[in-house]
Every structure is written in structure tokens, then in C-alpha cells.
Amino acid sequence: MNGATSGERAPSGPVARSGPARTVAATGPVSRTVGNPLRAVVAAELTKLGTLRSTYWTLAAAFVVTVGLTALIALSFRTSLPHQPPQRQADFDPLFATFYGVTLGQLAMVVFGVLAVGVEYRSGSIRASLLAVPHRGRWYVGKVLAAAVPSAVAAVATVLTTLVVAQVVLGPYAVPTGADGLSAALVGAGLHLTLLTLFALGVAALLRSAVWSLSALLPVFLLGSQGLGNVPGLRTVTQYLPDQTTWVIMHLAGPQDDPRWAREYGPWTGVGILVLWTVAALVGGYLVLRRRDA
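The opening residue of the sequence shown carries number 1 in the numbering used here; numbering runs sequentially from there.
Among the clues, some could well be false.
FRET-style restraints, in silico, Cβ to Cβ [unchecked claim]: (1) A280 to A40: 23 to 31 Å; (2) Q89 to R39: 24 to 32 Å; (3) S76 to L38: 26 to 34 Å; (4) V237 to W268: 19 to 27 Å.
It is worth saying that the hints were derived from the structure and are not from the lab. Just so it is clear, the structure is predicted and the values come from calculations on it, not from any experiment. Every residue, glycine too, gets a C-beta built ideally from N, C-alpha and C.
Whenever a hint applies, use it, and build me the whole structure from the sequences.
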């Protein structure tokens with residue numbers, strides 16, 4: 001009897017022990033993943049970005065390049081303006097010298113935005129990310145928000161430091177306290193850097209490649225910001241490019257009462273155009289993510 005009893009119990013023991021284990025293994029992680037709130041996804045993506053060296057060097061490069069170029073431009077104006085005619089001195093816009101560094105610093109922010117998604121495709125980790133968060137829309141929104149946080153922080157730090165450095169270097173030619181357009185220019189510069197980062201992220205999600213995204217964006221932004229945007233024959237088109245639309249609010253487009261430099265939109269309209277570019281890129285990236293295999 002004991003042998004029979006033990007023989008009958010032998011199969012039931014492992015079944016009793018392994019049954020729940022199989023249930024936990026099969027359903028536990030799935031239920032936890034599916035039930036993840038967006039906040040948890042954002043936290044996970046922030047952690048992931050924090051492990052990438054590119055996060056630190058791109059944001060640091062944006063800060064150093066913007067502030068450094070601003071200091072050089074401001075120093076150039078301070079040393080040359082005393083030797084200029086009075087009218088030239090009167091026409092000088094210190095906000096131009098303050099924010100011109102953004103035209104190069106923005107390139108590092110673009111690289112950060114591209115790599116935030118592009119590294120997922122380059123390394124193949126996009127598959128693991130979508131296995132962990134099967135809801136692609138939730139993962140994508142989490143990625144966008146996770147990239148927006150450090151880019152916004154870097155943008156604010158860069159813009160404020162740029163203003164302080166420009167004020168110190170320009171000396172008697174600095175922006176007067178409470179000057180018209182100063183607050184709008186500060187907000188516009190911060191939005192410019194943040195939105196351009198998210199635009200680049202959307203392009204990377206759309207093209208599914210960091211290399212192709214950077215190959216498309218960097219030449220256009222570099223050439224546009226370094227003079228093509230002011231060529232009369234090209235300005236009718238280039239003024240609507242993502243990196244150009246906020247130039248009016250940052251006082252980089254030249255005197256708007258001069259037909260040679262005037263844009264066909266106002267300061268905040270330009271910001272709105274950049275918002276539309278960013279939304280279009282992000283939506284395009286999501287549609288590609290939703291419809292194509294990882």
C-alpha cells in the first residue's frame with residue numbers, strides 16, 4: 001500500500017509544484033508588461049538613454065558649441081562696434097549676437113534626437129523593446145517623452161547660460177534689461193532646440209536608420225543656417241525649413257522692416273510652423289513603426 005500510495009503521489013507532486021510555476025512564467029511577465037503605465041515606460045526609456053554615452057556627449061556638445069560660439073561672436077562685435085559709424089552702432093541688435101550660437105549648437109541636438117531612436121535599430125534592441133512593451137504606441141510615446149526631458153533641460157541650461165555669457169562679453173552693447181523681444185527670444189530659443197530634437201527623433205523613426213537620418217538632416221541644417229537661408233532666390237523656400245522658422249523670434253533673420261531680410265510670417269507663427277514640422281515627423285515615425293516589422 002505504501003508503495004502504491006507513493007507511486008500515485010509521485011506524479012501529483014511535481015504537477016502540483018510545476019503547474020503554478022508554469023502559470024507564473026507564462027502569465028506573470030505578460031500581465032506586468034501589458035499593465036505598465038506610460039510613466040513606467042518613460043522611466044525605462046530614460047534609464048536606457050542614461051546608459052548611452054551619446055546622450056551625454058551630444059547634449060554637452062550642444063551646450064559648449066552654443067555658448068562658445070556666442071562668446072566669440074559677442075567678442076567680435078564688442079571689439080569692432082566702437083570703430084563703426086554711429087548709425088551702424090545704433091542698428092546693432094544684441095539679441096543676434098546672443099543667439100547666433102544656436103545655429104551650430106542645434107546640430108548636436110539633432111544628433112541626440114536621431115540617436116535616441118536610431119540606436120534601437122542599429123543595435124537591434126528595438127525587438128527587445130517592443131517585446132517588453134507590445135503596445136507600440138505606448139512605447140513610442142514613452143520614447144518621445146523620455147527624449148524630450150533631457151533635451152528640454154539641456155535647452156534651458158544652454159539658452160540661459162548663453163544669455164549670461166553674451167551679456168558679460170558684450171559689455172556696454174549688451175541687451176538692456178527688459179528689452180522688447182528678450183523674453184520671447186529666450187522662450188523661442190528653448191523651444192527651437194527642444195522641438196528640433198523631437199523632429200529629428202521622428203525622422204529617425206520614419207527612416208529607421210541613424211545614418212540615413214543624419215545624412216539627410218545635417219547637410220540641410222548646416223548649409224541653411226550658414227547662409228543659404230538668406231539668399232533671396234532661395235529664401236522663399238528655405239524660410240519654411242524646420243531650422244529656419246524660429247529665426248524671427250530669436251532675431252537671427254535680420255531686420256524685419258528691411259525687404260532684404262523680411263520673412264513672410266511673424267515670430268510666433270514661425271514657432272507654430274516648427275511645431276507642425278515636429279508633429280508631422282513624429283506622426284510619420286509612428287505610422288512606420290506601427291505598420292512595419294521591427
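*Using the beta carbons of V237 and W268, state whether their distance is inside 19 to 27 Å or not.*
The hinted range 19 to 27 Å holds for V237 and W268, with Cβ atoms some 21 Å apart.
_Status of the given 24 to 32 Å range, CB of R39 versus CB of Q89_ = violated (53 Å)
*Using the beta carbons of S76 and L38, state whether their distance is inside 26 to 34 Å or not.*
violated (47 Å)
*In this structure, is the beta-carbon distance linking A280 and A40 contained in 23 to 31 Å?*
Hint holds: Cβ distance 28 Å, inside 23 to 31 Å.
This entry does not satisfy hints 2, 3, going by the numbered hints stated previously.
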